[in-house]
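J.: Sequence:
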Amino acid sequence: LLPILLVKSFSMRIFAFIALLLLLLSASCTDNEHSRETLIGSWRYDTEAILDSLRIQEPTENELAMVQGAMTIYKDAVFDFKEDGALIVVTNGIEQSGTWEMSSNGRQMTINLSGQGQPNDILELTKERLMLAPIPEAGVFYKRIFVPASAPR
Numbered sequence: 046l047l048p049i050l051l052v053k054s055f056s057m058r059i060f061a062f063i064a065l066l067l068l069l070l071s072a073s074c075t076d077n078e079h080s081r082e083t084l085i086g087s088w089r090y091d092t093e094a095i096l097d098s099l100r101i102q103e104p105t106e107n108e109l110a111m112v113q114g115a116m117t118i119y120k121d122a123v124f125d126f127k128e129d130g131a132l133i134v135v136t137n138g139i140e141q142s143g144t145w146e147m148s149s150n151g152r153q154m155t156i157n158l159s160g161q162g163q164p165n166d167i168l169e170l171t172k173e174r175l176m177l178a179p180i181p182e183a184g185v186f187y188k189r190i191f192v193p194a195s196a197p198r
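Taking the working numbering as reference, the numbering of the sequence shown is continuous, increasing by one, and the terminal residue is 198.
Don't read these hints as lab results, they were simulated from the structure. Yeah, the Cβ is synthetic: ideal placement off N, Cα and C, and Gly gets one too. It cannot be assumed that every hint is accurate.
[Stated by the list, open to error] No more than 20 Å apart at the CA atoms, straight line, and that leaves these computed lysine to any residue pairs for SDA-like:
1) K127 to T171
2) K127 to I156
3) K120 to R152
4) K188 to I139
5) K120 to Y90
6) K188 to E103
7) K188 to E140
8) K188 to Q102
9) K120 to P197
10) K172 to A94
11) K120 to G130
12) K188 to R152
13) K127 to R81
14) K188 to E78
15) K188 to G138
16) K172 to L158
17) K188 to E106
18) K188 to D166
19) K188 to Q163
20) K188 to E128
21) K188 to D129
22) K120 to L158
[As the list claims (entries may be wrong)] Label pairs and their in silico Cβ distance ranges:
23) E128 to L96: 27 to 33 Å
24) D97 to T144: 27 to 33 Å
25) G114 to E78: 24 to 30 Å
26) S149 to K172: 18 to 24 Å
27) P104 to G138: 26 to 32 Å
28) V123 to I180: 31 to 37 Å
29) S195 to E169: 27 to 33 Å
Sequences are here, hints too, so could you generate the full structure?
T.: In structure tokens form, the structure reads like this:
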């Protein structure tokens, strides 16, 4: 009787483990699909939100001036994330093509504009806002905050 109970108990544990594994895998796929659907479309920098976020960090004068200069250049840039993974960035009338890819859990995306993919941690992604974490090792020490390109300025 004991061996039968052990086999049943072991079988139930395996079944429970497999069910949990399938649940986690399906949840991560759903996260990825939801994140992809939310991201697809045209976005632009929210320059004021970026500068406000930076000021909270108490940057040096040089850091603040550098980001203000970048925001002057990129204030009209539009990032168009296509469903097929293509990315088109238009800055001051100049178009640059690249690719983008979402991680399986939807918490990171890799943007490839210059031949080298750059992973970006997603801090926030809603239909109204995309916020990417700073990448200090790449010289990006501020949060990049985007809003839909059609949003009022």
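J.: All hints, please: hold or fail.
T.: Taking the hints in turn, this is what the structure says about them:
Taking the CA atoms of K127 and T171, the gap is about 17 Å. The hint holds against a cut of 20 Å. The straight-line distance between the Cα atoms of K127 and I156 is roughly 12 Å, inside the 20 Å bound, and the hint therefore holds. Taking the CA atoms of K120 and R152, the gap is near 25 Å; set against the 20 Å cutoff, the hint is violated. Proposed proximity of K188 and I139 is contradicted: the alpha carbons are some 24 Å apart, above 20 Å.
Of the supplied pair hints, the one linking K120 and Y90 holds, its CA atoms being roughly 6 Å apart against a limit of 20 Å. Between K188 and E103 the alpha-carbon distance is near 13 Å, which keeps this suggested pair within the 20 Å criterion. For the hint pairing K188 with E140, the CA-to-CA distance comes to about 23 Å; that exceeds 20 Å, so the pair is violated. The straight-line distance between the Cα atoms of K188 and Q102 is roughly 10 Å, inside the 20 Å bound, and the hint therefore holds.
Between K120 and P197, the direct Cα distance comes to roughly 13 Å. Compliance with the 20 Å bound is thereby established for this hinted pair. A hinted pair counts as satisfied when its Cα atoms are at most 20 Å apart, and K172 with A94 qualifies at roughly 16 Å. The hinted pair formed by K120 and G130 fails the criterion: a straight-line CA distance of about 24 Å is larger than 20 Å. For the given pair, K188 sits about 15 Å from R152 by alpha-carbon distance, which is consistent with the 20 Å threshold.
As the CA atoms of K127 and R81 are separated by approximately 10 Å, the hinted pair is consistent with the 20 Å bound. Taken as a hint, the K188 and E78 pair is broken in the structure, with Cα atoms around 24 Å apart against an allowance of 20 Å. Between K188 and G138 the CA atoms are separated by roughly 24 Å; this puts the pair beyond 20 Å, and the hint is violated. About 23 Å separates the Cα atoms of K172 and L158, which puts this hinted pair outside 20 Å; it is violated.
As the CA atoms of K188 and E106 are separated by approximately 17 Å, the hinted pair is consistent with the 20 Å bound. Between K188 and D166, the direct Cα distance comes to roughly 10 Å. Compliance with the 20 Å bound is thereby established for this hinted pair. Simply put, K188 and Q163 have alpha-carbon atoms about 15 Å apart, close enough for the 20 Å limit, and the pair holds. Between K188 and E128 the alpha-carbon distance is near 24 Å, which puts this suggested pair outside the 20 Å criterion.
With a C-alpha separation of about 26 Å, the suggested pair K188 and D129 falls outside the 20 Å cut-off, and the hint is violated. Among the hinted pairs, K120 with L158 is consistent with the structure: their alpha-carbon atoms are about 18 Å apart, no more than 20 Å. The hint said 27 to 33 Å for the Cβ distance between E128 and L96, and at roughly 32 Å that hint holds. Remark: the range hint 27 to 33 Å for D97 to T144 is upheld by a beta-carbon distance near 31 Å.
Distance hint for G114 and E78: a CB-CB separation of about 38 Å, inconsistent with the stated range 24 to 30 Å. Our hint of 18 to 24 Å for S149 and K172 holds, since their Cβ atoms are close to 21 Å apart. At about 30 Å, the CB distance of P104 to G138 agrees with the hint of 26 to 32 Å. Evaluation of the 31 to 37 Å hint for V123 and I180 yields a failure: the beta carbon distance comes to about 21 Å.
Taken as a hint, the range 27 to 33 Å is violated for the pair S195 and E169, whose Cβ atoms sit roughly 19 Å apart.
Of the numbered hints listed earlier, those contradicted by the structure are 3, 4, 7, 11, 14, 15, 16, 20, 21, 25, 28 and 29.
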